[in-house]
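K.L.:
Here are the chains, one letter per residue:
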Amino acid sequence: MIARTASAGSLESSDCLVTVTPSESFELDYAGANKKLFLKRTEGVARQVLAEYSVENARLHIQDQGALEATLRARIETALERAMENLGS
Amino acid sequence: MTRFAKNSLGRMVPAEVPGVGPFDPYSGPFQRINSVHGIVGASVRLRTVDRHGSKIAASLEQAIKNSGLENGMTISFHHHLRNGDAVMPMALETLKNMGYKNLTFAPSSIPDAHDCVADYIKCGLIGRLYTSGVRGRLGGLISSGEAGIPVVIRSHGGRARAIEEGQIEIDVAFLAAPTCDKLGNISGSSGPSACGSLGYAITDATYAKHVIAITDNLVDYPVARNISIPQYRVDQVVSVNSLGDPKKIATGAARITRNPVDLKIAHDTFRLMKVSGIIAPGFSFQMGVGGASLAVSVYLEEYMKKKGIVGSFGLGGISGHMSRMLEEGLFRALFDVQSFDAVVTESVSGNQNHVEIDSSWYANPFNAGCIVHNLDCVILAALDVDVNFNVNVLIGNDGVLRGASGGHCDTAAGAALSIVVLPSFRGGVCSIKDSVSNVTTPGETVDAIVTERGILINPLRQDLLALARGAGLPVVDIGDLKSRVEKLTGVPEQQERAGGEVVAVVEYRDGTLIDAVYRPER
Amino acid sequence: MINNSKNKKNNRPCRSMLYIPGDSPGMIQNAPVFGADSILLDLEDAIAASEKDAARKMVRSFLRSFDFGDLIVTVRINGADTEYFKKDLMDIVPCRPDAVRLPKCSSPEDVISADSLISEIELESGIPVGCVQLHAMLETALGIENAYQIAIASPRVSALTLGGQDLTADMGVQKTRDGWELFYARSRVVLAARAAKISAFDTVWADINDPDGLFKESKQIVELGFTGKAAIHPSQIEVIHRAYRPDPKELAKSQRIVEAAKEAAREGKGVISVGGRMVDAPVAARAENLVAVASLYDYEEESPV
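Protein chains in written order, with our numbering: chain A, 1 to 89; chain B, 1001 to 1522; chain C, 2001 to 2305.
If you're looking for bench data, these hints aren't it; they were derived computationally from the structure. We put the beta carbon where it would ideally sit given N, CA and C, even for glycine. One or more hints might be untrue.
To be verified - Listed next, with one range per pair, are the computed distances between beta-carbon atoms:
1) C:Asp2212 / A:Ala33: 38 to 46 Å
2) B:Gly1308 / C:Ala2048: 47 to 55 Å
3) C:Ala2048 / B:Ser1008: 55 to 63 Å
4) A:Glu43 / C:Ala2141: 50 to 58 Å
5) B:Lys1487 / C:Arg2177: 40 to 48 Å
6) B:Gly1308 / C:Ala2252: 24 to 32 Å
7) C:Ala2049 / A:Ser25: 33 to 41 Å
8) C:Glu2263 / B:Gly1308: 36 to 44 Å
9) A:Gln48 / C:Arg2177: 46 to 54 Å
10) C:Glu2109 / B:Gly1252: 57 to 65 Å
11) B:Gly1252 / A:Met1: 52 to 60 Å
Stated by the list, open to error - The list that follows gives simulated cross-link-like pairs (lysine to aspartate or glutamate, DMTMM-like), each with its CA atoms no further than 25 Å apart:
12) C:Lys2175 / C:Glu2145
13) A:Lys36 / B:Glu1146
14) A:Lys40 / B:Glu1521
15) A:Lys35 / B:Asp1434
16) B:Lys1433 / A:Glu43
17) B:Lys1305 / C:Asp2247
18) A:Lys36 / B:Asp1434
19) A:Lys35 / B:Glu1486
20) B:Lys1274 / C:Glu2238
21) B:Lys1096 / B:Glu1070
22) C:Lys2052 / A:Glu12
23) C:Lys2249 / C:Glu2238
24) B:Lys1305 / C:Glu2238
25) B:Lys1487 / A:Glu52
26) C:Lys2216 / B:Glu1302
27) A:Lys36 / B:Glu1493
28) B:Lys1306 / C:Asp2247
Working from the sequences, and respecting the hints, build out all of it.
P.N.:
And the structure:
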């Protein structure tokens, strides 16, 4: 479960800034210079990572600064784990 | 409805551009060049001025009135003052205030800083645009289709040809003149706005029906040294306070890059040049000022010194590094159509073997011998390339115009070895496409592409391929590298192109249409 | 002809190891083009506490899907005394980097406990036990004194590496340009590594604007017997490689020895001789290594940039 809003990454070139927010459904807001070129790729990676963490619903905002797929995946994973962490621990 | 034709590269190009005229489709790099012999081109307009008179006009406005410029006519400018130029905006603003409409704006190129050109299109002053390229807000306006004017993009050699062939008839040339006397002798290499060579302006001054020199350094008659344009080509002289910002005109020499990707590309490019055997006595060379190209010249300089190789000439846009190689005796001459920095300006004025050349001499394919046709090797940058080695230098990944044709296709066609240097991906997007969004330079004139992840050699150059492989250079297949890189970046979604609205056409240097620029999807 | 199916990376000279912050995708994605023999993706000192998770995920993601080519890829994890140590190993080991670098090894026990945890993870993730090598980083006075015991604490240990910054602090001295304060520690590390027949890597040169100082120090450590040296900036790689470039005269001599050794083997002779003089086995082995290192250089050309 997504417990709260969390971000990972940066706005440096070759990176991306991913923000995960609790939501009733899957939502992706993909911004950046490559938004037309890589929307499908990005949605594919996002859905895959969510599935790996057994999360169905979340809102993802991704500001892409030219990230490779490996970078994108790592940032989504980190943001997701941060959003899922128990507040108590 | 515009008719389209498929050119020999398979690109759909219009048969006619409304308001400009008909165009033939591109059919090969030397097809039209080989059939041009004997055709008569543009004529030079004869005129006379009063003996012992003065050419000084009281103001730019007065000079424009005297010139006889009318709505619908063609005006030209040069871009030698780079981003420091204040003459284009000054003249366009004056023309707007005088009520002019629908002029053809035909500068040699438009400096990046001149977003204001977009405003002069919107207000109706500029009704047609002929240029080497567009960037920034202007690029955005043209790409959006909202400019609503015909746009023709030409290479530097192609523009010289178009002028000499009569395709561009310049009615009034407004020439920023760093040093000028009262009768119009102009030098580019002295004065507070010195910029070095005035190569592009020389062609304009030769063929324009009327020439207005605009100077911030009116000197006593005569300008004695380094006359770029002689008085008999100049009709009027206007003195103004300033031609622009000297700091942006005379930029410092470009520094050698420390970017490891560029250095790797430069090193492999140098290795390829070396194994090709082209770096021998009498070697001639042109390069850009991009990070990787400039770094190539560092390796080259070191190698030529060590081996005692003396080249014949350096060509082109000349950088400070090339003028140093001239000083060191590594080349016997520099042919300079455009100087890139302040160091070069000193070299133009001080070194007799640093020769200022006009754009026709540089790259016009329709004369009795342009220098690019004698060039051994050129290093060229690119925005992206495709698996057929076609090169795009005009359109970004977002489909928006953001570059200039420059001498790219001229030197690629002319040089015995033309090498394109670019990183295998940029901004997270693979630089190798199935098909580039725009062909500026045809793949059949590109011998090799060097990336940081491998050297790609055009299958047309089996000889070069064998040499590179034999020397153990990291040669890879262009399709293989594309798939390798797309594994990292992902495969971009196809962008719609054909069938859309044409917002500009791209001429090959011979005047045929090599491609058209379509409005990107909104 | 014998097909040597062993990982060819392990036989390659490893002169340079470039530190790359684990949270820096812009650098990691260009790792194969820097020209280093190996890279060291750092989860430790280069990463702020708030980004430890991000760096770990980034390194894992690249190890899983990125083509590093011929590069030897190692990961520096956080020390056993930190909360990140176990998480780092759990995320990184299953991705099979060539090695993990374990900071602050002061005793054989440090190695043994890391070793057993790595073995557990290897077992669980179904990869061969022992496939991830361990580079033991010696950066305490105690670690230096225990160098040989650390080197032989596990067959997984394939290199000793010297951490000069922390060590000088632990010794209560400053790192100087000449590096005399590290002379004993360096010699000790090299001897321990040679005795255990593993590699020895030297510490970093911190001033990236002083390539001359780096070259001088690199020459020194090559002469001391280090097999490689760490770099903190891509521009340092070429300098380190230059220090390892065999002298052409010495190379010619070594080539003659290697030829003679081949001839002796062909003819079934036990004794190698060059120009009538006997060559001892260790000398022949060194000559062979020198020729291998020389093959990495273009003797036609010297890099000016």
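K.L.:
Against this structure, judge whether each hint is valid.
P.N.:
Structure-based check of each hint:
| no. | hint | verdict |
| --- | --- | --- |
| 1 | C:Asp2212 / A:Ala33: 38 to 46 Å | 41 Å, holds |
| 2 | B:Gly1308 / C:Ala2048: 47 to 55 Å | 54 Å, holds |
| 3 | C:Ala2048 / B:Ser1008: 55 to 63 Å | 57 Å, holds |
| 4 | A:Glu43 / C:Ala2141: 50 to 58 Å | 55 Å, holds |
| 5 | B:Lys1487 / C:Arg2177: 40 to 48 Å | 45 Å, holds |
| 6 | B:Gly1308 / C:Ala2252: 24 to 32 Å | 25 Å, holds |
| 7 | C:Ala2049 / A:Ser25: 33 to 41 Å | 35 Å, holds |
| 8 | C:Glu2263 / B:Gly1308: 36 to 44 Å | 39 Å, holds |
| 9 | A:Gln48 / C:Arg2177: 46 to 54 Å | 51 Å, holds |
| 10 | C:Glu2109 / B:Gly1252: 57 to 65 Å | 59 Å, holds |
| 11 | B:Gly1252 / A:Met1: 52 to 60 Å | 57 Å, holds |
| 12 | C:Lys2175 / C:Glu2145 | 19 Å, holds |
| 13 | A:Lys36 / B:Glu1146 | 21 Å, holds |
| 14 | A:Lys40 / B:Glu1521 | 17 Å, holds |
| 15 | A:Lys35 / B:Asp1434 | 20 Å, holds |
| 16 | B:Lys1433 / A:Glu43 | 22 Å, holds |
| 17 | B:Lys1305 / C:Asp2247 | 23 Å, holds |
| 18 | A:Lys36 / B:Asp1434 | 17 Å, holds |
| 19 | A:Lys35 / B:Glu1486 | 16 Å, holds |
| 20 | B:Lys1274 / C:Glu2238 | 21 Å, holds |
| 21 | B:Lys1096 / B:Glu1070 | 12 Å, holds |
| 22 | C:Lys2052 / A:Glu12 | 18 Å, holds |
| 23 | C:Lys2249 / C:Glu2238 | 21 Å, holds |
| 24 | B:Lys1305 / C:Glu2238 | 21 Å, holds |
| 25 | B:Lys1487 / A:Glu52 | 21 Å, holds |
| 26 | C:Lys2216 / B:Glu1302 | 23 Å, holds |
| 27 | A:Lys36 / B:Glu1493 | 7 Å, holds |
| 28 | B:Lys1306 / C:Asp2247 | 19 Å, holds |
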